[in-house]
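J.: One-letter residues, chain by chain:
Protein chains: 2
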Amino acid sequence: MKYKARIEVGLKPGHSDPEGETTKASLVELNYPVEKVKVSKVYELYLDASSQEEAERKVEEMCRRLLANPVKDNYTIQVEEAQ
Amino acid sequence: MKYKARIEVGLKPGHSDPEGETTKASLVELNYPVEKVKVSKVYELYLDASSQEEAERKVEEMCRRLLANPVKDNYTIQVEEAQ
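For the record, the sequence lines run as chains B and W. Once you know that position 4 of the first sequence is 5 in my numbering, the rest is easy, because the numbers rise by one and skip nothing. Once you know that position 2 of the second sequence is 3 in my numbering, the rest is easy, because the numbers rise by one and skip nothing.
With the rest of the complex left out, here is chain B:
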């Protein structure tokens, strides 16, 4: 069966976020009263699996092996059957 997964990967609190800092500086330069910008990434993908559990297990594994850095990233996963 086909499943759709949505994975959001963001920095753990306390880790420096250079992209967020740069974005904040640009927004402040444009006169927006902005504080603390955090940048995260979202991966949306389709995968084959025999069950919801297997799909979740695979996506969890993908995060650990490729999509997230366990030292500095947090991630959340949502998996649902694809329409």
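Bear in mind the hints are in silico, worked out from the structure with no lab data behind them. Mixed in with the good hints, there may be bad ones.
It does not matter which identical chain is meant; a pair holds if it fits inside one copy or across any two.
[Said to hold, decoys possible] Once the Cα atoms are required to be at most 27 Å apart in a straight line, the calculated DSSO-like pairs of lysine-lysine come out as:
#: 1; residue 1: K39; residue 2: K3
#: 2; residue 1: K3; residue 2: K37
#: 3; residue 1: K37; residue 2: K5
#: 4; residue 1: K42; residue 2: K5
#: 5; residue 1: K39; residue 2: K73
#: 6; residue 1: K39; residue 2: K5
#: 7; residue 1: K13; residue 2: K73
#: 8; residue 1: K5; residue 2: K73
#: 9; residue 1: K13; residue 2: K3
#: 10; residue 1: K3; residue 2: K42
#: 11; residue 1: K39; residue 2: K13
#: 12; residue 1: K13; residue 2: K42
Given the structure of chain B, go ahead and fit chain W onto it with the hints provided.
T.: Chain W in isolation, oriented as in the chain B frame:
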């Protein structure tokens, strides 16, 4: 007052997504049966504004001026009062 905004910026359908393509190739190489990976970006930020409407207007403007490319990006905005 302080508001918290969450902005998700992703490619419009039909635009090529090199980062998604590369991620897909890496996952397939690791033997995950993955199709079509789409990568989006999430900005979370805090800003000052006098009302919810003003906060939304400012965030909308930030997207048009800096965070999103109107030619190739879609974006969604959520604004709420910060705790």
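J.: Taking the hints in turn, state whether each one holds.
T.: Verification of the hints:
1. Taking the shortest alpha-carbon separations for K39 and K3, only the inter-copy value of 16 Å comes in at or below 27 Å, while the best intra-copy value is 32 Å.
2. Taking CA atoms no more than 27 Å apart as the test, K3 paired with K37 passes between copies only; the shortest distance there is 12 Å, against 38 Å inside one copy.
3. Within a single copy, K37 and K5 get their C-alpha atoms only as close as 32 Å, which misses the 27 Å cut-off; across copies the closest is 10 Å, which meets it.
4. In this homomeric assembly, K42 and K5 come within 27 Å of each other (Cα to Cα) both inside a single copy, at 17 Å, and across copies, at 18 Å.
5. For the homomeric pair K39 and K73, the shortest alpha-carbon distances inside one copy (14 Å) and between copies (22 Å) are both at most 27 Å.
6. Taking the shortest Cα distances, K39 and K5 sit within 27 Å of each other both inside one copy (26 Å) and across copies (11 Å).
7. Taking CA atoms no more than 27 Å apart as the test, K13 paired with K73 passes inside one copy only; the shortest distance there is 6 Å, against 30 Å between copies.
8. In this assembly of identical chains, the alpha carbons of K5 and K73 lie at most 27 Å apart whether taken from the same copy (25 Å) or from different copies (23 Å).
9. For the homomeric pair K13 and K3, the shortest alpha-carbon distance between copies (23 Å) is at most 27 Å, but the shortest distance inside one copy (31 Å) is not.
10. In this homomeric assembly, K3 and K42 come within 27 Å of each other (Cα to Cα) both inside a single copy, at 23 Å, and across copies, at 24 Å.
11. Taking the shortest alpha-carbon separations for K39 and K13, both the intra-copy value of 10 Å and the inter-copy value of 23 Å come in at or below 27 Å.
12. Taking the shortest Cα distances, K13 and K42 sit within 27 Å of each other both inside one copy (13 Å) and across copies (16 Å).
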